[in-house]
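Sequences listed follow chains A and B, in order.
Using the working numbering, the letters of the first sequence map in sequence onto residues 2 to 143.
Using the working numbering, the letters of the second sequence map in sequence onto residues 2 to 143.
No lab work stands behind these hints: they were computed from the structure.
Among the hints, erroneous ones may be present.
Copies of the same chain are indistinguishable here, so a pair counts whether it falls within one copy or spans any two.
EDC-like mimics (lysine to aspartate or glutamate), calculated; alpha carbons at most 16 Å apart, straight line [claimed, not checked]:
#1 LYS32 / ASP80
#2 LYS81 / ASP93
#3 LYS74 / GLU50
#4 LYS81 / GLU50
#5 LYS74 / ASP53
#6 LYS32 / ASP58
#7 LYS32 / ASP22
#8 LYS138 / GLU122
#9 LYS74 / ASP58
#10 LYS81 / ASP53
#11 LYS32 / ASP120
#12 LYS32 / ASP16
#13 LYS131 / ASP22
#14 LYS81 / ASP58
#15 LYS32 / ASP53
#16 LYS32 / GLU122
#17 LYS138 / ASP16
#18 LYS32 / GLU127
#19 LYS138 / ASP22
#20 LYS131 / ASP58
All values derive from a computational prediction rather than experimental measurement.
There are 2 protein chains.
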Amino acid sequence: MPEIAWTLNPRIAADTFPVGDLPLCRVLLAKDANYPWLMLVPRRAGIFELMDYSPEDRRALSTEVDAAARALKAVTGCDKINIAAFGNVVPDVHVHVIGRRHSDPAWPKPVWGVVPAIDYEPAARERLVKAVQDALKLSPIP
Amino acid sequence: MPEIAWTLNPRIAADTFPVGDLPLCRVLLAKDANYPWLMLVPRRAGIFELMDYSPEDRRALSTEVDAAARALKAVTGCDKINIAAFGNVVPDVHVHVIGRRHSDPAWPKPVWGVVPAIDYEPAARERLVKAVQDALKLSPIP
């Protein structure tokens with residue numbers, strides 16, 4: 002299979018703030034202050050289902066999703082982690098790692114479609130991004 | 002940590018039909034004929050987040066989720082696989098593996114809360130369970 006250069010899907014880019022790169026995945030923060038919500042996007046082009054990654058990439062993805070979940074839990078003190086990969090609208094694989102609180106506006110439902118996204122206050126967003134970068138030992142994306 | 006005997010959460014049991022056991026997970030079919038919808042429940046008690054499994058169990062879970070996704074895609078010819086683990090309502094870990102079609106009643110949204118579940122016609126359910134058992138080389142649960 003010819004190598005296809007990976008680029009971040011523009012719709013995912015528009016809906017997120019960059020956090021940093023893990024060995025396989027770009028880590029992003031969703032533009033929705035209702036929930037601390039990371040997305041992990043493997044930097045591999047042309048794959049649209051989790052089970053289609055190589056065994057090595059599949060292991061790396063699982064490891065990185067777990068690391069992101071631990072980081073988000075440690076940073077936010079959330080009550081529960083929700084993890085999901087759909088790809089129904091944006092086909093490029095992106096794994097949602099969402100910190101849920103009993104007090105959040107969608108609890109206990111999955112977050113999609115319950116309340117409109119709300120903007121982050123910039124300082125709050127910067128603090129959260131920095132805390133996740135520190136917890137995951139990430140450098141900002143150049 | 003003392004070993005706690007695993008039993009299937011009664012709410013999950015009530016919402017599913019048994020399909021069979023993989024090395025780590027019990028495989029179940031959700032009682033909703035709107036979507037071909039498997040659930041994988043690791044037979045481990047006392048763990049409530051994916052990142053809290055041992056590395057060996059975490060690898061097995063990932064492998065079994067992928068195998069269930071491949072089987073569901075092969076058996077149903079669905080357009081997309083959706084994978085999710087929430088645990089907001091029923092805390093016992095259960096991973097949803099859902100076959101989505103462009104023609105299904107929730108497409109392209111996540112399935113939760115969109116339309117009420119509908120009952121399977123028993124013969125159709127038995128055919129689907131048997132096809133998944135065959136694809137995953139499962140024996141029925143004794």
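Here is how each hint holds up against the structure:
1. When the C-alpha separation of LYS32 and ASP80 is checked against a cutoff of 16 Å, the pair qualifies neither within a copy, at 20 Å, nor between copies, at 28 Å.
2. Taking the closest pair of Cα atoms, LYS81 and ASP93 come within 16 Å of each other only across two copies (12 Å); inside a single copy the shortest separation is 26 Å, beyond that limit.
3. In the homo-oligomer, the alpha carbons of LYS74 and GLU50 lie at most 16 Å apart only across protomers (11 Å), although the nearest pairing inside one protomer, at 26 Å, exceeds that limit.
4. Proximity of LYS81 and GLU50 under a CA criterion of 16 Å is satisfied inter-copy only: 8 Å between copies versus 25 Å inside one chain copy.
5. Taking the closest pair of Cα atoms, LYS74 and ASP53 come within 16 Å of each other only across two copies (12 Å); inside a single copy the shortest separation is 29 Å, beyond that limit.
6. Proximity of LYS32 to ASP58 under the C-alpha cut-off of 16 Å is found in neither arrangement, the shortest distances being 27 Å within a copy and 33 Å between copies.
7. With identical chains, the CA atoms of LYS32 and ASP22 are never at most 16 Å apart, being 18 Å at best within one copy and 40 Å at best between copies.
8. Taking the closest pair of Cα atoms, LYS138 and GLU122 never come within 16 Å of each other, the shortest separation being 24 Å inside a single copy and 52 Å across copies.
9. Taking the shortest alpha-carbon separations for LYS74 and ASP58, neither the intra-copy value of 24 Å nor the inter-copy value of 21 Å comes in at or below 16 Å.
10. When the C-alpha separation of LYS81 and ASP53 is checked against a cutoff of 16 Å, the pair qualifies only between copies, where the shortest distance is 12 Å, while the shortest distance within a copy is 28 Å.
11. In this homomeric assembly, LYS32 and ASP120 come within 16 Å of each other (Cα to Cα) only inside a single copy, at 6 Å, whereas the closest approach across copies is 38 Å.
12. Taking identical chains as interchangeable, the C-alpha atoms of LYS32 and ASP16 lie at most 16 Å apart only when both belong to the same chain, with a minimum of 6 Å there against 34 Å between chains.
13. For a Cα distance limit of 16 Å, the shortest separation of LYS131 from ASP22 inside one copy, 13 Å, qualifies, whereas the shortest one across copies, 43 Å, does not.
14. Proximity of LYS81 to ASP58 under the C-alpha cut-off of 16 Å is found in neither arrangement, the shortest distances being 26 Å within a copy and 20 Å between copies.
15. Proximity of LYS32 and ASP53 under a CA criterion of 16 Å is satisfied in neither setting, with 28 Å inside one chain copy and 27 Å between copies.
16. Within a single copy, LYS32 and GLU122 get their C-alpha atoms as close as 11 Å, which meets the 16 Å cut-off; across copies the closest is 42 Å, which misses it.
17. In the homo-oligomer, the alpha carbons of LYS138 and ASP16 never lie at most 16 Å apart, since the shortest distance is 23 Å inside one protomer and 41 Å across protomers.
18. In this assembly of identical chains, the alpha carbons of LYS32 and GLU127 lie at most 16 Å apart only when taken from the same copy (12 Å versus 44 Å across copies).
19. For the homomeric pair LYS138 and ASP22, the shortest alpha-carbon distance inside one copy (10 Å) is at most 16 Å, but the shortest distance between copies (38 Å) is not.
20. Within a single copy, LYS131 and ASP58 get their C-alpha atoms no closer than 26 Å, and across copies no closer than 31 Å, so neither meets the 16 Å cut-off.
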